[in-house]
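Residue numbers (my numbering), protein chains in the order written: chain A, 7 to 119; chain B, 160 to 270.
Derived by calculation from the structure, the hints in this document are not laboratory data. Just so you know, nobody snuck in bad clues.
Derived DSS-like pairs: lysine-lysine, alpha-carbon spacing no greater than 27 Å straight-line:
| id | chain 1 | residue 1 | chain 2 | residue 2 |
| --- | --- | --- | --- | --- |
| 1 | B | Lys-214 | B | Lys-265 |
| 2 | B | Lys-227 | B | Lys-212 |
| 3 | A | Lys-89 | B | Lys-262 |
| 4 | A | Lys-15 | A | Lys-77 |
| 5 | A | Lys-63 | A | Lys-77 |
| 6 | A | Lys-15 | B | Lys-262 |
| 7 | B | Lys-262 | A | Lys-63 |
| 8 | A | Lys-89 | A | Lys-63 |
| 9 | A | Lys-15 | B | Lys-265 |
| 10 | B | Lys-265 | B | Lys-227 |
| 11 | B | Lys-227 | B | Lys-213 |
| 12 | A | Lys-76 | A | Lys-63 |
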Amino acid sequence: DGGITQSPKYLFRKEGQNVTLSCEQNLNHDAMYWYRQDPGQGLRLIYYSQIVNDFQKGDIAEGYSVSREKKESFPLTVTSAQKNPTAFYLCASSIDIHVDTQYFGPGTRLTVL
Amino acid sequence: KNEVEQSPQNLTAQEGEFITINCSYSVGISALHWLQQHPGGGIVSLFMLSSGKKKHGRLIATINIQEKHSSLHITASHPRDSAVYICAVRSLGGSQGNLIFGKGTKLSVKP
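Using the sequences provided together with the hints, build the complete structure.
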């Protein structure tokens, strides 16, 4: 089955530690996205990638970093510079950046203690 | 003021009721999306609209570009429709990759 996987589903980290969230897709999509969801707020774009070895900042990129070394993978690192890292993180992909319909992963709930 | 506003924020219905969720936006758009987020967190795309009306099963989505308004209707609602419904738009001036999301409408359908 084609789709997007994110792991782990729940992640706990101590304050001051960097943590990397995994996102893998086997849909052969060129574009991938990372969103953050907080209670009572709409999804906000952190980073997106149009193609391998390319990525762009979204609205709330500060304190985050990404890489796109492979078409299938778009990991997100939450660094210690992110002031409020506790949130629900969603990864998505689309055929390319010009196609609006995005396919979402199941999400990772990160809690920083 | 948010660029995408949804109403109501929360909605409780009895099984079988006709449900309407509204989305208003303040920017010019090239497309509007309705998404469904299940209690576990996963999100599914329901519709993408640029004009008129679309129907899929018991779900109907309409958009009025002049009034900058869209509605999502659910006919013969069922408890399995319980989810958060999210409206998102691609603004005409928006950068590639950037959808603007509403805060969502939490629907609970009671048996």
